[in-house]
Each structure stands twice: as structure tokens, then as C-alpha cells.
Amino acid sequence: MITVKNLIKTYPGDVPTYALKGVSLEIAKGEFVALMGRSGSGKSTLLHQLGLLDIPTSGSVTVNGTDVLALSDTERTKFRLQHLGYVFQEYALIAEFTALENVYFPAMAFGDTSAKERATELLRIVGLQERLDHYPSEMSGGEQQRVAIARSLINNPKVLYADEPTANLDTVSSEVVFKLFQKLNKELGQTILVVTHEPEDKKYVDRVVWLKDGLIDTNYQ
Amino acid sequence: MTSTDIKTAVFVAYKTITRGNKSTAFFIVFILSLSFFNLMFVSGFLNGFSDGIMRSMIDNSTAHIIVMPQEEPIRKDFILDQEQVRAQIKTIPGVIASTQHYQVSGSFAFDKEKDGTFKYVSAPIVGVNQTEEKEVLTVYKNMVAGEFPDDLKDDEIVLGANLAGGFGTEQTSDLGGATVGEKVQVSYSNGMIRTYTVKGIFKITMGSVSNTAFISSQEAESLLSTYNNASEILVRVDLSQSTLDAYYSRISEIFPNLRIEKYTSRLSTVGILVAAFNIIAIIVSVISIIVAAITIFVMIYVNAVNKRRQIGILKAIGIKESIIEVSYVLQSFFYVVLGTTLGLFIVFFLVVPLLAIRPIPMPFGNAVLVYTATGIFINIVSIVLSGIVAGFIPAKMVASENILDSIWG
Ligand SMILES: Nc1ncnc2c1ncn2[C@@H]1O[C@H](COP(=O)(O)OP(=O)(O)OP(=O)(O)O)[C@@H](O)[C@H]1O
Ligand SMILES: [Mg+2]
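Chains as they are written, first to last, in my numbering: chain A, 1 to 221; chain B, 1 to 409.
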């Protein structure tokens, strides 16, 4: 599903930061993978590149057979909308939209007319059927994060990326989120790559990929 | 832009406005309405100024069209058979009225202190039939003393304030303060000397009409030993029915031998003033539009910058930049339309009625805001256009930022 070859990301500056120094990685369809590593090891950077939110310095990324780095700006935006789900550490909901609107909006932008029903269904799956018309400011962090997860799934993404989705949540809410990922993975065969720093979370995933100083740390595998 | 894209943009704009901070929205609309009001007020006021000057000239000096005696092939002193000429002019649709003038010139003599010392002043004298004159010129509405009787007798005269004197500082060109009821002596170039009783004094600031005197047309005819002729005929027309040029050409067609002029060619110094005011009005309007555009830009920019995170999230989801831009253009369009509406409301339901209750006096009458449909249209279009541009640029700037920077930057 995802093939990463020799991915390099250097943040230019007075002192350039070599955040990714040549990462190669393969994630199969239907796999649930955790990305772990010390703070500053490059996890978020890697996820940003894979989620097409940023452009790497060099290397190649193939998602579902598409060389995504070869896409134009507009194509990349469309690819993101159509094939990728992304959950940020901060809930990144649109404050002016209700839970339901936040979830169906990406589908609406795609011209999907049945978006509302699907969004309602997704919110039911994440356990928020009672919160459809609530605005983000009226929901707890865990609830907002579950709305964000529901949103990331609305367009049936090929891959779901999540960058420390539970970092701001308490243990109980974190468990809910990871159990949800597990369920999506097992029942729908959703490919998931999740960044986490909780060793606890290893139990939910198929495989852990370790990053150290911008490189895959094979010692752990 | 597909219809889905537009729907998406409208949805974002709608939610952003309705869920946004109401007091911020009100503030934006209020500031926009003030910029629009500023634009409208300045242009309306300056229009009113030049309009007032022109109106004063038309109403008190020239009417709309001036008909004068033949010049080619031979120069004549009078328009002959003025009754017939005016009857023909009257048949033109839209002509309201016309009046006949005899122009003479005389030397006034007035002994203010009745002590044998006379002050002598030369001044133009116009012979009029006041019953007809009233339909064309409104000098009679500007009396500062006495009246301008419809049946001005042969030995009666109406003086302009600048000729009579006593209104404002004394001039060598005035009689030193002739008042109603007093007698003035006039010697004409043909040697005739007449004595008139002053019946009224009028004061008109614009133009030179306050330097002249009016006598009856029978008196003028007897002085000039003529009958049913005219030195000039002034024509008042209805400009809502037809253009000035159309009336001008129509009259010129009927009387190819007479010299015809439009009031616009009689404006002289007043015309320079009006032209200057029109230029000032244009400059000030352009500056007002620029100021309004910058105001809109700043308001919308601040608004868009406040929404950076939202814009970043929209982009992260996979919403095209063009949709985001359109959405923000729609939002500023909404604010501009509301601001413009409020501005129009302030002008027409607040300031115009207020000026009617509490007029600001001007040399030509009270200050009024004058608008043409075209003028209002241009003002609205320029403000809405600048709103669209001013909405587009900041949205474009924010939307083209790096996604991660706009979410967290
Ligand atoms: N926009 C940026 N400009 C410059 N340097 C950056 C930028 N973003 C990240 N970095 C640097 O790149 C390196 C990797 O950062 P990254 O955010 O990927 O780490 P991480 O593994 O996600 O850490 P954490 O667990 O703290 O989130 C760090 O040294 C960081 O300082
Ligand atoms: Mg990180």
C-alpha cells in the first residue's frame, strides 16, 4: 500500500535540520502500524511527508501505486481529499462546523450526496451519535478527537494517518481511540499508520516501526 | 470551479459568517458603511455645490437657453416680433416658458444725503414683463427689501443689491445705499433722462445679476422706441423630458438666423468654479475609494489571518485553494453589501433628512446632497469591486501558505 524509498527531509536554515536522513519503509494493505521513537526523531516529519502535507527534500513515496511526489499541487490536494485520512494531535476540527458538518464536509467537497448519512453512521461508530449538532467548543478533547477520526474516514481513505492522536487525552479516552482504530483495522481492513509514544499502545498494532535520529532503527525490530 | 466547488465555498462562507463573532461582523460592516458613507457624502456634497451654483445661474440669470438677435448676414439690434418667436418656441414639447428681455444701459445718479452731492454709476438695465419673467427666472424670490411687483409701473425700478448699495461694504459701483421708496435718476445714451421710484432690492450671490436693475418692458419699449421686439429671449425647459442639446438643436432649427446659446456657454467664471469643483469631486472620490478599498482590505485581511487555522485545516483535508479563496471573497462580498446598504441608509434616511431640517447655508442657497443614478452606481460598483479584490488578496495570501504553518504557525 505504501512504499517509501530513501526519504530525506532537511529543514533549511542557518543550521539545517536533517529530520529524515533516508527512510525506507513498506506498509502492506490492511496493516496497522505504529511509528515510535524519541521526541525529535522525525515521526511527525515522516507522517507529514506521507500525508502530503509537506514536500520532502528527496526520495520517493508511492501510495496505492501512485507516485505521489510526481503529482502537481492540485492533484496532490485532490489525492489528499480522496485517498488519505489524517488525524492530528490537536483535534484540528473546524470551529464553525458542528460535529456532523465536520465529518461530512470532506465528502461534500467531493460531491458525495449521501455524505450526511455516512457521517451520521461514522459518528455512531465512534460513539458520538448523541453529539451530531454540537460544535467543537462544546465537546471534550476525546470527543473532538473521535470526530476528527470520523472525519478522516468519510471518504474511505486508502490509508489513515494519525499523529499522536491520544497525546492530549486521558487513559480512558486513549483506550477508546485505539480500540476504535483496532476495530476499523480488523472489521474494515483499514490501513493505519499511527504515531505514538506510549509503549502501552503496542498491544493494539500489528507491527512497530522505530525511528531514531531520522532513520529507521532496525535494532528494535 | 464546479457546482460542487461553489456549494462547498458557499457552505464555508455561510458557516464562517453565522458562527463567527457577531460583534466583529458588526464592526466590519460598520467600518465599511462609514467608508461608503464618506465616499457618498463627499461626492454628493460637491455635486450639490456645483449643482447649486448652476441652478442659481439658471434660475436667476440665464434660464436654460438664450435666444439672441440675428448676427449674419446683417447684425440686428433686436429679435423681431418676439411674440411670434416665443409662440413657436412654446410649441416644442418640454419647453416650460420663455421671457422677453430688453437690454439697455444707463447712468444712475443718486443723492443719498439729499444735499446735492450725487453718486453716479453706470449699470445694465433690463426691461421685463414680470408676469412672464416669473415663469422663467426667480429673481423675485431673492428680495432683500420691498418687492418685485408683477405690474411694475413705467416709473418704477427694481435694483440689484450691488447696484443699490447698503448691503455689505460700500463699492464705487454702487449708489451708496438707495432704499425702497427713494428715487433714482437714470440718463440713457439716447439723451433721455428718467426718474424711477425704487420698488424693491434683490440680492443674488452667484453671477453678476445683482449689478443690474429691472424696469418694465413698456418703459424699455418707450425708451428704445420699439414694440414687440426683444434683446434676448430666455427659455426654461424641462430637462427630464429631453436633453439640453436636443432643445438647443430644435430651437436652432426653427430659427436658423437667430443666435442661440446654452446656459453652459454663459457660465464664464462660475463655469471655471464648477469645473474646478468637478475635478476636486473626482479627485476626492478616487481617494475615498482608495481609502475604502484599503479599509476593506485591512478588515478582510485581519479576518482571514484570524482564520488561518481554519484555512490550514481546510487545506489539510484536501480543499482546493480556489474554493477557499472564493469562500473568502463571498464573505467579504457579504460584508461589503451589508456595509454599502447601511451606508446608503445613513445617507438617504439620516443625513439627507437631517440637512432638510438643519440646512447649511451656501452662497447659492442651502447645501444639499445631489446624486445621479450613475454616480451612485459607480460608487457602489467601485466599493463592491474593491471589496472583492480586497477579499481575494488576503485569502490568496493565507491560502497559499504552507499547510502546517497555517495550522500551527
Ligand atoms: N518546520 C520545521 N523547521 C525546522 N525544523 C523542524 C521543523 N519541524 C521539525 N523540525 C525538526 O525536525 C526534527 C524532527 O521533528 P519531528 O517533529 O518530526 O519530531 P517527532 O519525532 O515528531 O517529535 P515529537 O515526539 O516531539 O513530536 C526535530 O529536530 C525538529 O526540531
Ligand atoms: Mg511529533
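Any given hint could be a false lead.
In the DSS-like style, the derived pairs of lysine-lysine whose C-alpha atoms are separated by at most 30 Å in a straight line are [said to hold, decoys possible]:
| id | chain 1 | residue 1 | chain 2 | residue 2 |
| --- | --- | --- | --- | --- |
| 1 | A | 78 | B | 15 |
| 2 | B | 7 | A | 158 |
| 3 | B | 141 | B | 76 |
| 4 | B | 76 | B | 153 |
| 5 | A | 116 | B | 7 |
| 6 | A | 116 | B | 15 |
| 7 | B | 76 | B | 22 |
| 8 | A | 116 | B | 22 |
| 9 | B | 112 | B | 76 |
| 10 | A | 212 | A | 202 |
Derived CB-CB ranges, DEER-like [stated by the list, open to error]:
| id | chain 1 | residue 1 | chain 2 | residue 2 | range |
| --- | --- | --- | --- | --- | --- |
| 11 | B | 3 | A | 218 | 37 to 43 Å |
| 12 | A | 116 | B | 397 | 30 to 36 Å |
| 13 | B | 298 | A | 58 | 24 to 30 Å |
| 14 | A | 140 | B | 26 | 30 to 36 Å |
| 15 | A | 186 | B | 298 | 50 to 56 Å |
| 16 | A | 6 | B | 26 | 29 to 35 Å |
| 17 | B | 298 | A | 17 | 33 to 39 Å |
| 18 | B | 309 | A | 179 | 27 to 33 Å |
These are computed hints drawn from the structure, not numbers from a lab. Here the structure is a predicted model, which is why all the values come from computation and not from measurement. Every residue, glycine too, gets a C-beta built ideally from N, C-alpha and C.
Status of the hints after comparison with the structure:
no., hint, in the structure
1, 78(A) to 15(B), "holds (23 Å)"
2, 7(B) to 158(A), "holds (26 Å)"
3, 141(B) to 76(B), "violated (33 Å)"
4, 76(B) to 153(B), "holds (28 Å)"
5, 116(A) to 7(B), "holds (15 Å)"
6, 116(A) to 15(B), "holds (16 Å)"
7, 76(B) to 22(B), "violated (76 Å)"
8, 116(A) to 22(B), "holds (28 Å)"
9, 112(B) to 76(B), "violated (39 Å)"
10, 212(A) to 202(A), "holds (17 Å)"
11, 3(B) to 218(A): 37 to 43 Å, "violated (51 Å)"
12, 116(A) to 397(B): 30 to 36 Å, "holds (33 Å)"
13, 298(B) to 58(A): 24 to 30 Å, "violated (41 Å)"
14, 140(A) to 26(B): 30 to 36 Å, "holds (32 Å)"
15, 186(A) to 298(B): 50 to 56 Å, "holds (54 Å)"
16, 6(A) to 26(B): 29 to 35 Å, "violated (56 Å)"
17, 298(B) to 17(A): 33 to 39 Å, "holds (36 Å)"
18, 309(B) to 179(A): 27 to 33 Å, "holds (29 Å)"
Violated hints for the displayed structure, listed by number in ascending order: 3, 7, 9, 11, 13, 16.
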